[in-house]
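**Q** Sequence:
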Amino acid sequence: MSRIGKLPIKIPTGVKVLVNGATVSIEGPLGKNEKTFDDSVLIKVENGEVCIYPTDASSDHSLIMHGTVRSIVASMVAGVVSGYKKNLEINGVGFKATMKGKVIDLDLGFSHDILHEIPARVKIDIDQTGTKLSVSGVDKQLVGQVAADIKSYYPIEPYKGKGVRIIGEFVRRKEGKKTA
Numbered sequence: 004m005s006r007i008g009k010l011p012i013k014i015p016t017g018v019k020v021l022v023n024g025a026t027v028s029i030e031g032p033l034g035k036n037e038k039t040f041d042d043s044v045l046i047k048v049e050n051g052e053v054c055i056y057p058t059d060a061s062s063d064h065s066l067i068m069h070g071t072v073r074s075i076v077a078s079m080v081a082g083v084v085s086g087y088k089k090n091l092e093i094n095g096v097g098f099k100a101t102m103k104g105k106v107i108d109l110d111l112g113f114s115h116d117i118l119h120e121i122p123a124r125v126k127i128d129i130d131q132t133g134t135k136l137s138v139s140g141v142d143k144q145l146v147g148q149v150a151a152d153i154k155s156y157y158p159i160e161p162y163k164g165k166g167v168r169i170i171g172e173f174v175r176r177k178e179g180k181k182t183a
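Our numbering applies: residue 4 is where the sequence shown begins, and numbers increase by one.
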């Protein structure tokens, strides 16, 4: 049995949890989060807590998914209560980002601008200079994926430090060429 999977998830006040078979729907002050899991785990709401049980204790897949599903459901509950946020920084001369409706326009030094569509459940804020972005939402996976997608257009390079970085991320800098 998973040590993490055994721990029940306390449901905070103002949060509603609905379990319909393998689908978990959580609604809170910041929004709604819904996810469907496979049938290798049993999810129940008991005494104001969400409990996860493996359906078959002899199945490796069921035991593996026990802790994983518990961790994902706990992240869903935390997301509807406090939300998730990733901050990005754009470094480089002339590099910036602007919003055009539900599309973010990234000017990253290419011959063309990069247009990235923003999913409906994610909110992006850009400061006045256009070099600091904030990606926020209730779904931990979606917020991280959108931040990673934006970063993937021009990852930080180790010599000059130009590119898009997630704030708090360590980037090893390298020394340039030696000249005689």
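Derived by calculation from the structure, the hints in this document are not laboratory data.
Any given hint could turn out to be false.
Said to hold, decoys possible - The calculated DSSO-like cross-link candidates involving lysine-lysine, where the alpha carbons are at most 27 Å apart (straight line), are:
hint	residue 1	residue 2
1	Lys163	Lys126
2	Lys38	Lys19
3	Lys99	Lys47
4	Lys181	Lys165
5	Lys103	Lys165
6	Lys99	Lys165
7	Lys165	Lys154
8	Lys19	Lys99
9	Lys103	Lys143
10	Lys88	Lys105
11	Lys154	Lys177
12	Lys143	Lys163
13	Lys105	Lys126
14	Lys88	Lys13
15	Lys99	Lys35
16	Lys135	Lys163
17	Lys143	Lys181
18	Lys154	Lys143
19	Lys103	Lys154
20	Lys135	Lys177
21	Lys126	Lys38
22	Lys143	Lys105
23	Lys163	Lys99
24	Lys143	Lys35
25	Lys165	Lys105
26	Lys180	Lys88
27	Lys154	Lys88
28	Lys143	Lys38
29	Lys88	Lys99
30	Lys180	Lys163
31	Lys99	Lys126
32	Lys103	Lys88
33	Lys154	Lys135
34	Lys163	Lys177
**Q** Now look at each hint and say whether the structure bears it out.
**A** Results for each hint:
1. Between Lys163 and Lys126 the CA atoms are separated by roughly 30 Å; this puts the pair beyond 27 Å, and the hint is violated.
2. Taking the CA atoms of Lys38 and Lys19, the gap is near 14 Å; set against the 27 Å cutoff, the hint holds.
3. For the given pair, Lys99 sits about 47 Å from Lys47 by alpha-carbon distance, which is inconsistent with the 27 Å threshold.
4. Taking the CA atoms of Lys181 and Lys165, the gap is about 20 Å. The hint holds against a cut of 27 Å.
5. Restraint check for Lys103 and Lys165: the C-alpha separation of about 24 Å stays at or below 27 Å, so the hint holds.
6. The straight-line distance between the Cα atoms of Lys99 and Lys165 is roughly 12 Å, inside the 27 Å bound, and the hint therefore holds.
7. Distance hint between Lys165 and Lys154 is fulfilled; the C-alpha atoms sit about 12 Å from each other, no more than 27 Å.
8. Restraint check: the Cα-Cα separation between Lys19 and Lys99 comes to about 40 Å, which exceeds 27 Å; the hinted pair is violated.
9. Restraint check: the Cα-Cα separation between Lys103 and Lys143 comes to about 24 Å, which is no more than 27 Å; the hinted pair holds.
10. Proposed proximity of Lys88 and Lys105 is supported: the alpha carbons are some 18 Å apart, at most 27 Å.
11. Between Lys154 and Lys177 the CA atoms are separated by roughly 20 Å; this keeps the pair inside 27 Å, and the hint holds.
12. Using a Cα cut-off of 27 Å, the hinted pair Lys143 and Lys163 is violated, with the two alpha carbons roughly 31 Å apart.
13. Between the alpha carbons of Lys105 and Lys126 the distance comes to roughly 9 Å, so the proposed pair stays at or under 27 Å and holds.
14. Our distance criterion of 27 Å between C-alpha atoms is met by Lys88 and Lys13, whose separation comes to about 22 Å.
15. Proximity of Lys99 to Lys35 is assessed by CA-CA distance (about 32 Å); at most 27 Å being required, the pair is judged violated.
16. Restraint check for Lys135 and Lys163: the C-alpha separation of about 18 Å stays at or below 27 Å, so the hint holds.
17. Pair hint Lys143 plus Lys181 does not hold up; C-alpha atoms about 44 Å apart against a cutoff of 27 Å.
18. Proximity of Lys154 to Lys143 is assessed by CA-CA distance (about 17 Å); at most 27 Å being required, the pair is judged to hold.
19. The straight-line distance between the Cα atoms of Lys103 and Lys154 is roughly 19 Å, inside the 27 Å bound, and the hint therefore holds.
20. Note on Lys135 and Lys177: the hinted pairing holds, with a Cα-Cα distance of about 24 Å set against a maximum of 27 Å.
21. Using a Cα cut-off of 27 Å, the hinted pair Lys126 and Lys38 holds, with the two alpha carbons roughly 20 Å apart.
22. Proximity of Lys143 to Lys105 is assessed by CA-CA distance (about 20 Å); at most 27 Å being required, the pair is judged to hold.
23. With a C-alpha separation of about 17 Å, the suggested pairing of Lys163 with Lys99 holds against the 27 Å cut-off.
24. For the proposed pair Lys143 and Lys35, the alpha carbon gap of about 13 Å is at most 27 Å, so the pair holds.
25. With a CA separation close to 26 Å, the supplied pair Lys165 and Lys105 stays within the 27 Å bound.
26. The straight-line distance between the Cα atoms of Lys180 and Lys88 is roughly 38 Å, outside the 27 Å bound, and the hint therefore fails.
27. Between Lys154 and Lys88 the CA atoms are separated by roughly 15 Å; this keeps the pair inside 27 Å, and the hint holds.
28. For the proposed pair Lys143 and Lys38, the alpha carbon gap of about 12 Å is at most 27 Å, so the pair holds.
29. Under the criterion of a C-alpha separation no larger than 27 Å, the hint pairing Lys88 with Lys99 is consistent with the structure, at around 20 Å.
30. Distance restraint check for Lys180 and Lys163: the Cα-Cα separation of roughly 12 Å lies within the 27 Å cut-off, and the hinted pair is therefore satisfied.
31. A hinted pair counts as satisfied when its Cα atoms are at most 27 Å apart, and Lys99 with Lys126 qualifies at roughly 18 Å.
32. Annotation: proposed proximity of Lys103 to Lys88 holds, straight-line Cα distance about 21 Å (limit 27 Å).
33. This hinted pair checks out: Lys154 and Lys135 have alpha carbons roughly 12 Å apart, not beyond 27 Å.
34. For a cut-off of 27 Å, the pair hint linking Lys163 to Lys177 stands: about 9 Å separates their Cα positions.
Hint compliance for this structure: hints 1, 3, 8, 12, 15, 17 and 26 are broken, all remaining hints hold.
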